[in-house]
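Let chain A serve as the given structure and place chains B, C and D on it in line with the hints.
Spelled out from the first residue to the last, the chains are:
Protein chains: 4
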Amino acid sequence: MLKSFASDNYSGIAPEIMDAIVSANHGHQAAYGNDDFTKEVQKILKQTFGKKIEAYFAYNGTAANSVLLKAVLRSHHAIICSDVAHVATQEVGATNNLTGCPMFLVSHHNGKITAEAIQEAYTKATFWGHHGSLPKVVSIAQSTELGTVYSLEEVRAISTVCKANQLIFHMDGCRLPNAVAALNCSLKEATNDVGVDILSFGGTKNGLMMGEVMIFFQPELAMEFAYIHKQSLQLYSKMRFLSAQFIPYLRDALWHRYASHANAMAKRLAKGLLTLSGVKLAFPQQSNQVFIYLTEPIIKATQNVYPFYLWDPKQNLARLVTSFDTTTQEVDHFIELATQAEKSI
Amino acid sequence: MLKSFASDNYSGIAPEIMDAIVSANHGHQAAYGNDDFTKEVQKILKQTFGKKIEAYFAYNGTAANSVLLKAVLRSHHAIICSDVAHVATQEVGATNNLTGCPMFLVSHHNGKITAEAIQEAYTKATFWGHHGSLPKVVSIAQSTELGTVYSLEEVRAISTVCKANQLIFHMDGCRLPNAVAALNCSLKEATNDVGVDILSFGGTKNGLMMGEVMIFFQPELAMEFAYIHKQSLQLYSKMRFLSAQFIPYLRDALWHRYASHANAMAKRLAKGLLTLSGVKLAFPQQSNQVFIYLTEPIIKATQNVYPFYLWDPKQNLARLVTSFDTTTQEVDHFIELATQAEKSI
Amino acid sequence: MLKSFASDNYSGIAPEIMDAIVSANHGHQAAYGNDDFTKEVQKILKQTFGKKIEAYFAYNGTAANSVLLKAVLRSHHAIICSDVAHVATQEVGATNNLTGCPMFLVSHHNGKITAEAIQEAYTKATFWGHHGSLPKVVSIAQSTELGTVYSLEEVRAISTVCKANQLIFHMDGCRLPNAVAALNCSLKEATNDVGVDILSFGGTKNGLMMGEVMIFFQPELAMEFAYIHKQSLQLYSKMRFLSAQFIPYLRDALWHRYASHANAMAKRLAKGLLTLSGVKLAFPQQSNQVFIYLTEPIIKATQNVYPFYLWDPKQNLARLVTSFDTTTQEVDHFIELATQAEKSI
Amino acid sequence: MLKSFASDNYSGIAPEIMDAIVSANHGHQAAYGNDDFTKEVQKILKQTFGKKIEAYFAYNGTAANSVLLKAVLRSHHAIICSDVAHVATQEVGATNNLTGCPMFLVSHHNGKITAEAIQEAYTKATFWGHHGSLPKVVSIAQSTELGTVYSLEEVRAISTVCKANQLIFHMDGCRLPNAVAALNCSLKEATNDVGVDILSFGGTKNGLMMGEVMIFFQPELAMEFAYIHKQSLQLYSKMRFLSAQFIPYLRDALWHRYASHANAMAKRLAKGLLTLSGVKLAFPQQSNQVFIYLTEPIIKATQNVYPFYLWDPKQNLARLVTSFDTTTQEVDHFIELATQAEKSI
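Residue numbers (this note's numbering), protein chains in the order written: chain A, 17 to 361; chain B, 17 to 361; chain C, 17 to 361; chain D, 17 to 361.
Next up, chain A with everything else stripped away, as it sits in the complex (with noise of 0.2 Å):
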């Protein structure tokens, strides 16, 4: 049976969701969102994250981010990020398809990036008027795309020179989970009471079989969004599969439990290593990714066993993914397989 580092994509359904799954197979349910569970799920979100939300599902995080993109742009605006952002570099440019909009780079430091360099490019960008793209969202990624997680503070502080400049705020929250168990705070404290705008809220990365939460905290953001939702291709027919899973995910709090796990099982793989010579963190490891070089014998030593991807093979830079399934007994063995590697040179 294989396990990895490779990714959170890699494992599978975490038991009490499968068991939601199973348990949502019953009889008939009236289709494309209608059924009980749907309706069950729209309470726990709003008692999750704020009262005043609206709040779709989507199938995978591309489609979240993108569909919400979609909702609040207009071909003529554009998007501020960092030059790692998911949105921009890892989605076959589908909000740049779905919106026709482009997006507008902003150096990341650790993955992150800051009130001060969103307001430097809003003011570059405007400088010409209307020969421009008018930059209309923010969109950033909680956790980050390289581990690291924003403070409530940092969040915060883009909130504001979003409101100051009309920038709608986006959070990519593919790994919101792993970032709000570091942050010890609650998901409506990390998102709606910071002053983000438009959520994507990550389910299939933390232990479900798929789906993510499209959230509007303002619910005007979300006018006639159920026709882009159904245009958009993630409106699901039997909707029930889907949101069922959500019900003990958010009601049960497992969405903590599983990523407090991973973090956990990422801080102690990160721990391990660094005893090592030769390695050494990229990024801070602040949730369940580790960006971490590593030297050629210990990636020998270890890759076949526990895949994982290289994120820049010329410099050995790994990127080590645990997820809610991740055990303690195989962090030790591929810091075990890296420290024998270490010795042997």
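Some hints here could point you the wrong way.
Because identical chains share one entry, a pair is satisfied inside a single copy or across any pair of copies.
Simulated pairs of lysine-lysine, DSS-like, Cα-Cα distance not exceeding 25 Å [to be verified]:
no.	residue 1	residue 2
1	Lys140	Lys296
2	Lys316	Lys283
3	Lys140	Lys316
In case anyone wonders, no lab produced these hints; they're calculated from the structure.
Keep in mind the model is a prediction, meaning the values are calculated, not measured.
Relative to the frame of chain A, chains B, C and D by itself:
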């Protein structure tokens, strides 16, 4: 426990399919379709539809149709289809939006369009040359949106018109299993062998949790499609849970068993209802959708017990859809309720 | 020197307009519409169409229509228009491409559609709620593509239906001057006063070198339109050469003089031809386009001398278009040629 | 009478070009490019750029760029260009919107990008395969947005990288005449002979009323382009008035005369200003755009007399643009005003 004749999307997951999903949840698997299940199902798809096909998965039927069409169209093209085509009427313009193309609608007869009418539409649309959109695709649904089934001869005739005019032939097969079960032929005979170029092959409406296959019978039409697939939001990270469903569905011919059963239930239902006065078919009953004129007393007596949709409330035109899980008891009970309603007038 | 009845696009530039172009070519002027001529014409446009309008220039009619429609539509919307609408049939789907929206076609009667038919189309399109595109615009051409003219009452009735259903009312006025000349009212009375929301106001077909005006009667519909205008390729750097044409065109009512003349020539032409046997109008002659059934001998005798298009060659249906520069001599000569052809049979 | 150094778009129409427009206004001509002038200019274009080219007209430079790029791109592709590319920064995302593609920006050096940097960007962009947009076009401006000129060797090197990576090579030649005049070669040598695949060839900024030519050096890239041309709003009904301008422009090498003059004026202007203290070039002066750091007194003394733009007000970075109609007197007067301003400090 609710049962209905509202839609084959109201039904859940067939037991063999659920078993396949549960069984796939074991250890890690490479993401994005590089897993063992997807590799296996790709082989089976080639055995089923033809050695040279290229096949990709979609989450739902609207996606399968619109993403396939996006692959082969550019914005100066047009699509010829029927005026009741799902792609034209029930997908919030997903195809228009993804392709930028208009649809040229041909009046249906019993849900079908003829080769002659397609030729006529093509000739008319091209009269002014490059001042109008160039038709490039013909799209038909098999079975049709109105429950009827094209004969193989009818499909072949449409294919011939397509070839003669350099039109790509798309089949919306969200209910292809029901059509093929009715035609008593193989999936390949109903598609590849009669000249279909691109096919949306349905699973969701026929007992799967979710999933459709986008099939290119001419591999050159699929050039660079891996990019389009991901951009169009259809690249499922934990793909194994989708592809695993198709293994028994195809290998064990479950598609045929489920569809045949649904068709038989529809036939039984139609036959029973047609004995009642004031009841008549709107279109021939040929698959698992029965479009039937009922009477108000019948509707009142049945719709609350077994929900269904009125296609045209003014005319008491009902759509009754059967499914893999429709039982003889339910059908007979529905007929009984209708019969009692008629008598009590 | 060729003269024709092929199209008002075959004719050149009226002398007063050419003078305006030549006069504008003096020294430097700020680019992109910040020139003196554009400022002047903006004033005149407000005097002509209403104080609160927002007006922008387009290079051609297809642009005026599709860019205006882009401004007010999002991709989950739809347009209701006639089945012979230029936007639907003769613009290579420019509007479909720029908006992503489908068009719902209503059968025309003499080129026109009725308020009732629009209501019916709207009701039908919205029956399944957010499973279909939401109609948001009604578009009519005035004068129509078939040369007929909506009465002010007909336009007002359509406007009433639009208001009742929250539909934006677009008028394709590429030949509005001919319609208004026929209606014997002012430009404002024919548009603003009868409830038109957005207007493509034509110049090219009525003696200008090029140029149409995109007019928003409700300024809030023009929000951020300066960006859309440039993005949609319509921001002319040396704008003065376009706007300068509209100064005499509007200020000196040249639009009315040219259009009245063209209409009169069309009337004379129709009247003369209708005396011949086998000749009859396809649609009422009300502006500068005459759709008329001719005979083969007449076509042979005239088409080489004065080129024109056959709208339907099988039926000998010709479209004869007059222009600001059509002369009485040419009209009478055409009739004479036709008359001789008839006699010689 | 205003004269300026603000933009070559502030200038009017050169006298020879205006004569051509006036002369074309005679009788009727077939519309949409089927006129005698367009046929004539098509021949001249082939003589100028190569026998196998396909050429179409656009109204303006943004259109020429974005419509050409639309012709060769699909939405899963990307464009590699400089971070000051006009297509990326000054066209309100017209290309993003028409193609759905992102742009991958390469840092410029003096407005130019190198073959090496392009290769690096390509390699980086394709690292994750079909998870990112596939670069398909490299776009450079010649002369650049910052007034510099690529040598033929530099262009050839970029072409070589393009061929090696199956990238289509686009040249934004809105000021190509100025570059070619500076390079002292022929238009063909600067484009076709050094491997350019698609070219936007400018007229508007070089004395024409309006008009650019979209040129495909490989005819297969222009497949079905007539449809795209019209759909993209560039099919001018009275085309003769655009194409007639290009006849003397090309036949009589007016493009060269106008551009050489503008370049010479820019050189004279730069030379004169550089004698003043505190004045220095931001980028080498190689064509008709001078990017130059001035002093506040100089700006105050000159900008009101001869308007120009500050590219970076904080740094007193001015852009001074000369034109076909810039006179020695104006240049010298500007220098004199600046010299006096400096002295009076």
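For the identical chains here, do lysine 140 and lysine 316 meet the 25 Å Cα criterion within one copy, between copies, both, or neither? between (46 Å within a copy, 24 Å between copies)
Problem - Alpha-carbon proximity between lysine 140 and lysine 296, which holds within one copy, between copies, both or neither at 25 Å - result: between (36 Å within a copy, 23 Å between copies)
| task | Evaluate lysine 316 and lysine 283 at a C-alpha cut-off of 25 Å and name the case that applies: within, between, both or neither. | result | Result: close within a single copy only, 22 Å intra versus 61 Å inter.
Violated hints: none; the structure is consistent with every hint.
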